[in-house]
Amino acid sequence: MRLHGDARVSSFLPDSIARLENAVATAEARGDDMVLAASLRELAIARQYRAETPEARELCHQSYDVAKQVGDEQLAAEALNTLGGIDLATGSLDDARRNFLKAVELGGATGVLRARVEQNLGILANIRGEQREALDHYERSLEEYRALSDEHGCAIAYHNLGMVNADRGRLDAASAYYQESFAIARRTGNTYLQALCLVNEGEVEVSRARHDIGRDKAEAALRLFERLGVEGSKASAHRVIGMAHREAGRSTLAESALQTSMEVAVSTGSVPNQAEASRELGLLYEDMGRTYDAQRWLNMAESLFRRLNCRKPA
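If you're matching positions, the sequence shown starts at 1020 in this note's numbering and goes up one per residue.
Simulated from the structure, these hints should not be mistaken for lab results. Take these hints with a grain of salt, some might be off.
Computed Cβ-Cβ distance ranges for the label pairs, DEER-style [as the list claims (entries may be wrong)]:
id, residue 1, residue 2, range
1, Arg1151, Thr1045, 27 to 37 Å
2, Arg1151, Arg1049, 44 to 54 Å
3, Gln1088, Leu1167, 48 to 58 Å
4, Ala1202, Arg1229, 12 to 22 Å
5, Asp1169, Ala1228, 31 to 41 Å
6, Thr1310, Asp1169, 47 to 57 Å
Ideal placement from N, C-alpha and C gives every residue a C-beta, glycine not left out.
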């Protein structure tokens, strides 16, 4: 399981939040409910990147309510899709699925929304270890984005195809997809998507026993996440750094990085990241001969993965 996410927020988050809050206030003052619904949803996305989950959820509900009041089912569906994305990030997978399917029911005839929902259903399937289903969703998402000539959407689809190929052990294919996504993200100035590609490709490099290359990529991703002010995504970067140190025999550095990953995951409420960090800590302590600590962390990981309804730790 690798770092998932919608990569729409690509500028500095404090600037994005201030701009979106101003847009919400302006739309309210003007009585422009359609702009208000859209701005509330975009603000929810920005808040979620800052790990301000309760605020993000409330903004999504507000966006949905405004859209329904003016009878705009497309905007209502967009709010539900975003709400489902928040559910994914926090491990509420059944809620996520319900919101995604309801979004399709309301506004699924539109290509952009269908592409986004297919993408999110793929992420959901991948978290649960349903790799064949995830691949099907990602490929349908890519088809929709290509039909729309949406380069940014294609970049996200390539990134997600990289994830599922990595989880299937197809490392060359995964790297090729990540590199294609990264090239588009760099060309279009999407810093967040560049960071996603770097941290996930870093994990591929660790799997290839190219530990220092993997660590360098994860550290580069961490710098970008810090620059953007994206809190939750740092957990995966620290985890990959820890994995690289562990595989290279640097146990003390590995323990520090993995503990930091767990702390970030807990502070941001990300159950998937907590599950991943617990598993990696357990494996580290096994290598170190610390049997009690290893079993404690592996048991925690198993419990968290079960909570996510994973067929197996991905």
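Comparing the hints with the structure gives:
1. Arg1151 x Thr1045: 27 to 37 Å: 46 Å, violated
2. Arg1151 x Arg1049: 44 to 54 Å: Holds - the Cβ-Cβ distance for Arg1151 and Arg1049, about 48 Å, lies within 44 to 54 Å.
3. Gln1088 x Leu1167: 48 to 58 Å: Given a distance of about 29 Å, which is not inside 48 to 58 Å, the answer is violated.
4. Ala1202 x Arg1229: 12 to 22 Å: Since Ala1202 and Arg1229 have Cβ atoms about 21 Å apart, the given range 12 to 22 Å holds.
5. Asp1169 x Ala1228: 31 to 41 Å: 37 Å, holds
6. Thr1310 x Asp1169: 47 to 57 Å: Given range 47 to 57 Å: holds, Cβ gap about 51 Å.
Of the numbered hints stated above, those contradicted by the structure are hints 1, 3, listed in ascending order.
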